[in-house]
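**Student:** Sequence:
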Amino acid sequence: MVRRYAHLVAWLAIALLVTAVGVHAQSVGVVVERFDPHGVKVEASQLVAGARDRDFVAQAYAAITPQPDRPIWYRVRLAEDWSGNDLPLLSIFDPQGLDVAAYVPPGYVETRHSIYGADENAGFTRHALVFDLPPALRAGVPLYLEIGPDKAVPRRLEIEPMTGALVRDLARARLDVLFPAIQIATLLVMAAFFLALRERMYLYFAGQVAFVVLYELYLFGIGYEYRPFNWLAPLGARAVWFNAAIAVALLIEFSRRFLESPRFSRRLDVGLRVGSWFALGIAALALVPPLTPDWAVEYALAGLLLVEAPLLVVAGLVAWQQGSRHAGFFLSAWVPGLVLVILRALQLFLYWPLPVWLEFALPATFAYASLVIAYGLADRTLSIRHERDVAHRLAEHDALTGMLNRRAILARLRAGFLEARATGEPLSLLFLDLDHFKRVNDSYGHNAGDRCLREIVAPINIELRQGDALGRYGGEEFLVVLPGAAADDAAVVAERIRRRIEEMPMLVSGRRIGLTLSIGIAAMDDDVLTPNELIERADAALYRSKSSGRNKVSAHAAVIPALEASALDVRP
Numbered sequence: 001m002v003r004r005y006a007h008l009v010a011w012l013a014i015a016l017l018v019t020a021v022g023v024h025a026q027s028v029g030v031v032v033e034r035f036d037p038h039g040v041k042v043e044a045s046q047l048v049a050g051a052r053d054r055d056f057v058a059q060a061y062a063a064i065t066p067q068p069d070r071p072i073w074y075r076v077r078l079a080e081d082w083s084g085n086d087l088p089l090l091s092i093f094d095p096q097g098l099d100v101a102a103y104v105p106p107g108y109v110e111t112r113h114s115i116y117g118a119d120e121n122a123g124f125t126r127h128a129l130v131f132d133l134p135p136a137l138r139a140g141v142p143l144y145l146e147i148g149p150d151k152a153v154p155r156r157l158e159i160e161p162m163t164g165a166l167v168r169d170l171a172r173a174r175l176d177v178l179f180p181a182i183q184i185a186t187l188l189v190m191a192a193f194f195l196a197l198r199e200r201m202y203l204y205f206a207g208q209v210a211f212v213v214l215y216e217l218y219l220f221g222i223g224y225e226y227r228p229f230n231w232l233a234p235l236g237a238r239a240v241w242f243n244a245a246i247a248v249a250l251l252i253e254f255s256r257r258f259l260e261s262p263r264f265s266r267r268l269d270v271g272l273r274v275g276s277w278f279a280l281g282i283a284a285l286a287l288v289p290p291l292t293p294d295w296a297v298e299y300a301l302a303g304l305l306l307v308e309a310p311l312l313v314v315a316g317l318v319a320w321q322q323g324s325r326h327a328g329f330f331l332s333a334w335v336p337g338l339v340l341v342i343l344r345a346l347q348l349f350l351y352w353p354l355p356v357w358l359e360f361a362l363p364a365t366f367a368y369a370s371l372v373i374a375y376g377l378a379d380r381t382l383s384i385r386h387e388r389d390v391a392h393r394l395a396e397h398d399a400l401t402g403m404l405n406r407r408a409i410l411a412r413l414r415a416g417f418l419e420a421r422a423t424g425e426p427l428s429l430l431f432l433d434l435d436h437f438k439r440v441n442d443s444y445g446h447n448a449g450d451r452c453l454r455e456i457v458a459p460i461n462i463e464l465r466q467g468d469a470l471g472r473y474g475g476e477e478f479l480v481v482l483p484g485a486a487a488d489d490a491a492v493v494a495e496r497i498r499r500r501i502e503e504m505p506m507l508v509s510g511r512r513i514g515l516t517l518s519i520g521i522a523a524m525d526d527d528v529l530t531p532n533e534l535i536e537r538a539d540a541a542l543y544r545s546k547s548s549g550r551n552k553v554s555a556h557a558a559v560i561p562a563l564e565a566s567a568l569d570v571r572p
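The sequence shown begins at 1 in the working numbering and counts up by one.
These aren't lab readings, by the way, just hints derived from the structure by calculation. Keep in mind that the hints are not guaranteed to be accurate.
Stated by the list, open to error - Across the chosen pairs, the derived CB separations fall in these ranges:
| # | residue 1 | residue 2 | range |
| --- | --- | --- | --- |
| 1 | Gly424 | Arg511 | 45 to 55 Å |
| 2 | Pro106 | Pro228 | 27 to 37 Å |
| 3 | Leu188 | Ala136 | 29 to 39 Å |
| 4 | Ser383 | Pro293 | 24 to 34 Å |
| 5 | Arg393 | Glu533 | 26 to 36 Å |
| 6 | Glu80 | Pro106 | 12 to 22 Å |
| 7 | Leu280 | Asn461 | 15 to 25 Å |
| 8 | Gln67 | Arg257 | 38 to 48 Å |
| 9 | Leu280 | Ala136 | 53 to 63 Å |
These numbers were taken from a predicted model, which means no experiment stands behind them. C-beta atoms are modelled at their ideal positions from N, C-alpha and C, and glycine is treated no differently.
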């Protein structure tokens, strides 16, 4: 059921992703020109007056590319006059880390935007920096952009109608909510698992999901708007990388435990542990802006992911090849996401523009992974419970016959004894012994004797009620605890058991072996103070059955009045 739900959510996310990518405002042609002052301070008033127009160099594509160590300038012009009733908007995509000042005609007053202020991009999500343009913007009339220092990755630029921009932005806003919501639901379930089971692995997973959600909230810009998340807003892009680094560290620690990597590969486990410590170090650097520039923190994290993501895949494959069922869940969940993480890191290092599909595909795979891993953890919990139940059964049951062992049957007797004392209900005990068992072992071998012990279990159980307990006391001796049974009821049960064993066909090496049981009965009364005394009485009654010729049922002297009408052999 959970697996079907995970696949359904995955397909829904893909559908919405395709919708968001497909919804695109109709942009118009633009001419983009670049001016790099190479560290020389340039006055904005000079540029907007046209004094440096000859220094702008035309580009073949509509994008801006920041420089890591200095601001640069761009001049943007329409290829044709703006037409239509919609207002034109200038949108700059992949805005993480960008600080842009726009000088728009006719007044060329500075308008500065980044995604890190609480009131930035009013009316739009923060997947792009949006600047209003004059409604009658004509071809050739320039607007100027000052781009602050950031990583040298091209950022797509468009001039589009406001209505189309709003439709596109609404589609993306749905995804901004969808993916974190899926993960928050998973987080709450896993947090409940941790509170119930107190197993650290669930805490690591819940923590990893929590920091991935925070990473997405800051990546989408939501975290910079609302309390209490906006307390990290002064860090700017570092808030994104801080949460991403913590999420990576927790993912590695969770994966080590989920895959049991120390058991399957010590070297891989060391590599993963080192990676988690590096991730925590990057998170610490992200909190201290004076130590490193913003782009350096991002590149350090991207480099770490290029190493650790393949290691995680290899660790999953190694565990899977060693027969780990949980590794199958891990690989199914994380291979898509880790592949996209590697692509995202390469996009930064190789200065590729960020494609729209990758912007949303990464959160989509994180949401998918959280669902699959949650299902895997639930499956793991069921496996552990099954193993515990098996271990509990093995600890309570006799390995040869499958009946309760001596410790377990005595525990059942003690529990029944205390219950009978508290409620005043009757309780009886049968002591069974297989007659001439040594002769069977000597004549036919111990394997035949073991088979006899196994074969008598089913006929005995047929005569027992739910709540009765049968256990092997030792050798060929057995105890039957009969809660709620008085002496006469126990006598009837004992006689039926005796007859079933006597009539049971037992063939060994083609020869029929006649098996019989001697049975002693003891019932609780006011003189029985402990369970051991009840066993002693039943044992004494069993001795009488043995001494009077075997294949008989005898009762303790104290229960003779209850058996006067019975054909059983009862002696004081």
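**Student:** Give a verdict on every hint.
**Tutor:** To see whether the hints hold, each was checked on the structure:
1. Gly424 / Arg511: 45 to 55 Å: Holds - the Cβ-Cβ distance for Gly424 and Arg511, about 51 Å, lies within 45 to 55 Å.
2. Pro106 / Pro228: 27 to 37 Å: 42 Å, violated
3. Leu188 / Ala136: 29 to 39 Å: Violated - the Cβ-Cβ distance for Leu188 and Ala136, about 53 Å, lies outside 29 to 39 Å.
4. Ser383 / Pro293: 24 to 34 Å: 48 Å, violated
5. Arg393 / Glu533: 26 to 36 Å: 30 Å, holds
6. Glu80 / Pro106: 12 to 22 Å: 19 Å, holds
7. Leu280 / Asn461: 15 to 25 Å: Cβ of Leu280 to Cβ of Asn461: about 59 Å, so the range 15 to 25 Å is violated.
8. Gln67 / Arg257: 38 to 48 Å: Check passed, 43 Å falls within 38 to 48 Å.
9. Leu280 / Ala136: 53 to 63 Å: Since Leu280 and Ala136 have Cβ atoms about 55 Å apart, the given range 53 to 63 Å holds.
Hint compliance for this structure: hints 2, 3, 4, 7 are not met, and every other hint is.
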